[in-house]
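Trainee: One-letter residues, chain by chain:
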Amino acid sequence: MVDTGFVLSWIDYAIMIVYFVFVLGIGWALKRYMKDANAFLEAGRSMPAWVAGLAFISTNLGALEVMGMTGSGAKYGMLTTHFYWIGAIPAMVFLALFMMPFYYGSKARSVPEYLKLRYDEKTRGLNAILFAVMTILASGISMYALAILMEKVLGWNFHLSLLLSAAIVLAYTYLGGLSSAIYNEVLQFFIIVIGLLPIVLLSLKDLGGWNGLQDQLAPIVSGKGFAPDTWTTTWKYTGSARANPLGVEWYGIFAGLGFVLSFGYWCTNFLIVQRAMSAHSLTAARNTPLIGAIPKMFIPFLIIVPGIAALVLMNTPGKGFVLPMNEAGQPIWDYTIIMLLKQYLPAGVLGLGITALLASFMSGMAGNVSAFNTVWTYDIYQSYLRPPTGDKTSDDNHYLKVGRLATVFGVLVSIGAAYLASLFGNIMDFLQTIFSMINAPLFAVIFLGMFWKQSTGHAAFTGLLAGFLIALIHHGITYPEGADTLVKGGWLCKCYAYPVEMAQNFWTAIYACTTSALVTLVVSLSTKQKKTDEELKGLVYSLTPKIKDDHVPWYKRSTSLAILVLIILTVLTILFW
Amino acid sequence: MGIDIKFPIGLMFSILGLFLTVYGLFTSSDAMLYSRSLGVNVNLWSGIGMLLFGGIMLFLAWKSKKSKHT
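Chains A and B, in that order, are what the protein sequence lines are. In this text, residue positions in the first sequence follow my numbering: the first is 67, and each later residue adds one. In this text, residue positions in the second sequence follow my numbering: the first is 732, and each later residue adds one.
Read the hints as simulated data drawn from the structure, not as lab findings. Beta carbons: idealized from backbone N, C-alpha and C, even for Gly. Please note that a few of the clues may not be correct.
[Stated by the list, open to error] Taking lysine-lysine and the DSS-like style, the derived pairs with C-alpha atoms no more than 25 Å apart in a straight line are:
no.: 1; chain 1: B; residue 1: Lys796; chain 2: A; residue 2: Lys622
no.: 2; chain 1: A; residue 1: Lys101; chain 2: B; residue 2: Lys796
no.: 3; chain 1: A; residue 1: Lys188; chain 2: A; residue 2: Lys622
no.: 4; chain 1: B; residue 1: Lys799; chain 2: A; residue 2: Lys622
no.: 5; chain 1: B; residue 1: Lys799; chain 2: A; residue 2: Lys101
no.: 6; chain 1: A; residue 1: Lys622; chain 2: B; residue 2: Lys794
no.: 7; chain 1: B; residue 1: Lys794; chain 2: A; residue 2: Lys554
[Said to hold, decoys possible] Per the computed footprint, the stretches of chain A lying under chain B, defined by three or more beta-carbons under 8 Å from a beta-carbon of chain B, are:
no.: 8; region: 265 to 276
no.: 9; region: 591 to 601
[To be verified] A few chain A positions that, by computed beta-carbon distances, are all more than 12 Å from chain B:
no.: 10; residue: Lys97
no.: 11; residue: Tyr249
no.: 12; residue: Phe255
no.: 13; residue: Asn381
no.: 14; residue: Ala413
no.: 15; residue: Gly417
no.: 16; residue: Asp461
no.: 17; residue: Val553
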């Protein structure tokens with residue numbers, strides 16, 4: 067056990083308890099509105115845009131992401147913002163303007179269901195099963211990471227933390243379903259911002275503000291062999307892979323991260339899309355990703371900047387800031403944020419900071435469980451195990467019961483996955499790799515489905531498989547320099563080396579997406595379209611009436627919001643070039 | 732659906748804000764406690780900030796409720 071010297075006092079625990087009382091209270095308050103499966107699994111499609119928008123990005127602010135990004139801030143500097151700016155915003159804008167009309171307008175209750183409506187049953191089945199498995203594994207990994215962190219840092223019992231957190235998540239999702247998960251994600255968003263803001267302000271104050279930070283970074287960064295301002299710029303040093311710590315060139319970032327990886331994630335991952343689908347109208351659904359995009363662009367200042375400050379602190383002897391080391395003598399970068407909490411926060415706000423971390427872990431778990439419920443109940447159970455009988459009331463009751471049971475089942479399997487994660491250290495990397503192998507082809511297939519009338523079910527199914535296969539092969543024949551395990555690649559043959567893992571990921575995604583698109587195209591041209599124009603209305607661009615939002619005031623229109631988002635993105639990119 | 736989330740959010744941050752403001756006031760002379768936060772009484776500042784935020788949320792929730800009944 068790593069001794070990080072954390073001691074919590076009564077006020078810290080009091081703050082945690084208040085938070086959890088509210089989390090459970092929200093679930094409890096929603097219980098009486100859970101009358102049918104639609105209310106439980108789709109939040110009754112009644113969420114206001116601002117709620118859905120904040121939940122949209124909050125789902126993505128899981129603790130693994132927060133801890134990882136702060137650590138990345140120390141390792142790569144402001145280059146890490148590529149994951150938030152180019153690597154998220156264009157995809158979110160595209161989803162909002164061009165894809166939500168089809169996701170929402172089609173009345174599909176999930177992404178797999180959209181695939182069934184647009185393509186066919188086997189495409190839906192493939193996606194539903196893969197997604198269900200991946201999302202429950204992800205939930206389990208969050209659970210495991212929480213329990214391990216609490217054990218290593220606070221000395222809490224591993225099994226107790228795991229089971230207690232599982233119990234809390236189970237309680238509020240069982241009571242209030244998707245609505246409960248979404249409302250708590252909004253609560254979590256605010257507590258993360260408020261809980262982490264003090265360390266941003268204090269660490270900058272400690273180092274003499276942004277200018278002081280830049281000055282103290284210069285010798286450290288030069289010592290690593292980079293230009294002195296590399297850690298506070300984003301595009302300037304992406305001309306060559308060796309000039310920046312990420313090890314990628316600008317076109318790799320643009321095409322790999324900015325396009326394939328981010329569109330594959332933001333536009334197809336049901337965990338995210340589900341939040342937009344819960345909105346009360348099409349305009350609200352389109353605005354959801356855009357409303358989320360605005361705080362998303364500023365989160366780097368909350369999460370990445372303290373990481374950069376941590377790098378300076380680590381290299382300044384007088385500050386007493388030390389990251390725990392792992393067995394190989396390497397600093398555990400993921401612990402950067404928790405050590406920052408310890409460095410600057412006295413009892414009181416310390417409890418707030420720890421609560422923020424706990425909140426983000428649990429929100430990740432709840433989000434995954436709520437997405438699993440919906441896909442299990444509608445796309446697997448209702449499609450293959452027990453279709454509707456026609457008696458609406460008894461069906462509604464039945465599927466509500468199934469949805470509730472799926473919550474329990476989902477949490478139990480997550481606990482199992484958590485224990486599995488404790489046996490295999492690399493499971494997090496493994497899952498992310500597999501996820502991107504599935505998402506990139508899926509984006510190609512969905513994109514072609516929405517914008518090309520001719521794409522057929524056989525083509526989509528084949529395209530998904532082909533893309534995944536190519537991704538696997540690419541991963542098997544390439545490896546990042548210095549890789550020590552086969553999880554990182556090269557398990558077929560060590561035929562090609564990428565300078566860094568990220569480059570390998572980008573290219574895997576690019577090949578997977580391109581293959582999927584080409585195969586879907588070719589097979590579509592050689593198979594018959596089984597769906598009539600009437601069936602495809604609302605699912606494809608050419609057969610859907612144009613959206614009329616003249617009745618909406620200009621500042622609430624999706625196009626205006628999108629322009630605002632892109633303007634902010636451009637300004638930030640220029641400021642931190 | 733069903734509940735207006737602004738209300739629980741406002742309530743929770745008002746309560747937490749109150750906790751920390753009071754705690755901050757009581758410990759304001761404790762230099763050792765705030766030595767790690769560079770002498771700044773973070774509890775007091777956070778507390779006040781949260782009270783403000785909670786208050787705004789509660790106000791917005793009340794306004795929504797009023798406009799629903801008119």
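Trainee: If any of the earlier hints don't hold here, list their numbers in rising order.
Mentor: When the structure is compared with the hints, numbers 3, 7, 9, 10, 11, 12, 14, 15 turn out to be violated.
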